[in-house]
Amino acid sequence: AQSVSQHNHHVILSEAASLELGCNYSYGGTVNLFWYVQYPGQHLQLLLKYFSGDPLVKGIKGFEAEFIKSKFSFNLRKPSVQWSDTAEYFCAVNAGYGGATNKLIFGTGTLLAVQP
Amino acid sequence: DGGITQSPKYLFRKEGQNVTLSCEQNLNHDAMYWYRQDPGQGLRLIYYSQIVNDFQKGDIAEGYSVSREKKESFPLTVTSAQKNPTAFYLCASSPRRGGETQYFGPGTRLLVL
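Note that the protein sequences, when read in sequence, are chains R and C. Take the position in the first sequence, starting the count at 1, then add 515; the result is the number in the working numbering. Take the position in the second sequence, starting the count at 1, then add 203; the result is the number in the working numbering.
Hints may be right or wrong, so weigh each one.
Pairwise CB distance ranges (calculated) [to be verified]:
#1 C:Leu-316 / R:Ile-583: 42 to 50 Å
#2 R:Ser-518 / C:Thr-280: 23 to 31 Å
#3 C:Asp-262 / R:Gln-630: 30 to 38 Å
#4 C:Phe-291 / R:Leu-561: 14 to 22 Å
#5 C:Asp-262 / R:Ser-599: 28 to 36 Å
#6 R:Ser-585 / C:Leu-230: 33 to 41 Å
#7 R:Ala-531 / C:Gly-243: 22 to 30 Å
#8 C:Pro-242 / R:Ile-583: 25 to 33 Å
#9 R:Ala-531 / C:Arg-312: 28 to 36 Å
The list that follows gives simulated cross-link-like pairs (lysine-lysine, BS3-like), each with its CA atoms no further than 30 Å apart [what the hints assert, rightly or not]:
#10 C:Lys-260 / R:Lys-618
#11 C:Lys-212 / R:Lys-564
#12 R:Lys-618 / R:Lys-564
#13 R:Lys-586 / R:Lys-564
#14 R:Lys-618 / C:Lys-286
#15 C:Lys-274 / C:Lys-212
#16 R:Lys-618 / C:Lys-212
#17 C:Lys-274 / R:Lys-618
#18 C:Lys-286 / R:Lys-573
#19 R:Lys-564 / C:Lys-286
#20 R:Lys-586 / R:Lys-573
#21 R:Lys-576 / R:Lys-586
These aren't lab readings, by the way, just hints derived from the structure by calculation. Ideal Cβ positions, reconstructed from N, Cα and C, are used throughout, including at glycine.
Between the sequences and the hints, there should be enough to build the whole structure, so can you do that?
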């Protein structure tokens, strides 16, 4: 069965520190990859996505992620975090793109706390 | 103002009761989904529907039921057969059947008394 692993359950950083959150998935075929973010008290919202093309994708608020097919990874990065980045981050995979399903498989999430 | 609405925001249920969570979207999306979010477990798919009058079980469908009589609406019923219903429930929709981004509602927190 397909699965998504997020290696860091809790991350605490100081403002201006660099961020990298790991995400690995298990599926050998074509995938669409997503990072969602849930700010305290807000909706789950899309941060960025990869469907095809350039494996380095840029999202909102200065976030970016790199798809490395050989490593089955889609790590999220930000060069300098802010206090407002405090949130829970979810990696998700849509396996079997092009088929009849649009099921997303989510990782368990990473809770990021940025200290001012 | 387009989006997904879920009601109520908080819902209390007594043991043995069925409760229904509402999800409405005005985005003209074909597909709709219900997820359950528990601390440390991420989001798990309960049911999804790709078109009106059709729906499929997700990974944790036991104890839940859904209907899709209208494109805009996808209510979820948590039945008394669901042994651990206390959770945060998220509804989502997407414009097509495959590969498209899902958009989420604000969620309903269900508490069992």
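Right, here's what the structure says about each hint:
no. : hint                              : result
1   : C:Leu-316 / R:Ile-583: 42 to 50 Å : 48 Å, holds
2   : R:Ser-518 / C:Thr-280: 23 to 31 Å : 28 Å, holds
3   : C:Asp-262 / R:Gln-630: 30 to 38 Å : 36 Å, holds
4   : C:Phe-291 / R:Leu-561: 14 to 22 Å : 19 Å, holds
5   : C:Asp-262 / R:Ser-599: 28 to 36 Å : 33 Å, holds
6   : R:Ser-585 / C:Leu-230: 33 to 41 Å : 36 Å, holds
7   : R:Ala-531 / C:Gly-243: 22 to 30 Å : 29 Å, holds
8   : C:Pro-242 / R:Ile-583: 25 to 33 Å : 29 Å, holds
9   : R:Ala-531 / C:Arg-312: 28 to 36 Å : 34 Å, holds
10  : C:Lys-260 / R:Lys-618             : 11 Å, holds
11  : C:Lys-212 / R:Lys-564             : 28 Å, holds
12  : R:Lys-618 / R:Lys-564             : 15 Å, holds
13  : R:Lys-586 / R:Lys-564             : 18 Å, holds
14  : R:Lys-618 / C:Lys-286             : 25 Å, holds
15  : C:Lys-274 / C:Lys-212             : 22 Å, holds
16  : R:Lys-618 / C:Lys-212             : 25 Å, holds
17  : C:Lys-274 / R:Lys-618             : 18 Å, holds
18  : C:Lys-286 / R:Lys-573             : 42 Å, violated
19  : R:Lys-564 / C:Lys-286             : 35 Å, violated
20  : R:Lys-586 / R:Lys-573             : 20 Å, holds
21  : R:Lys-576 / R:Lys-586             : 26 Å, holds
Hint compliance for this structure: hints 18, 19 are not met, and every other hint is.
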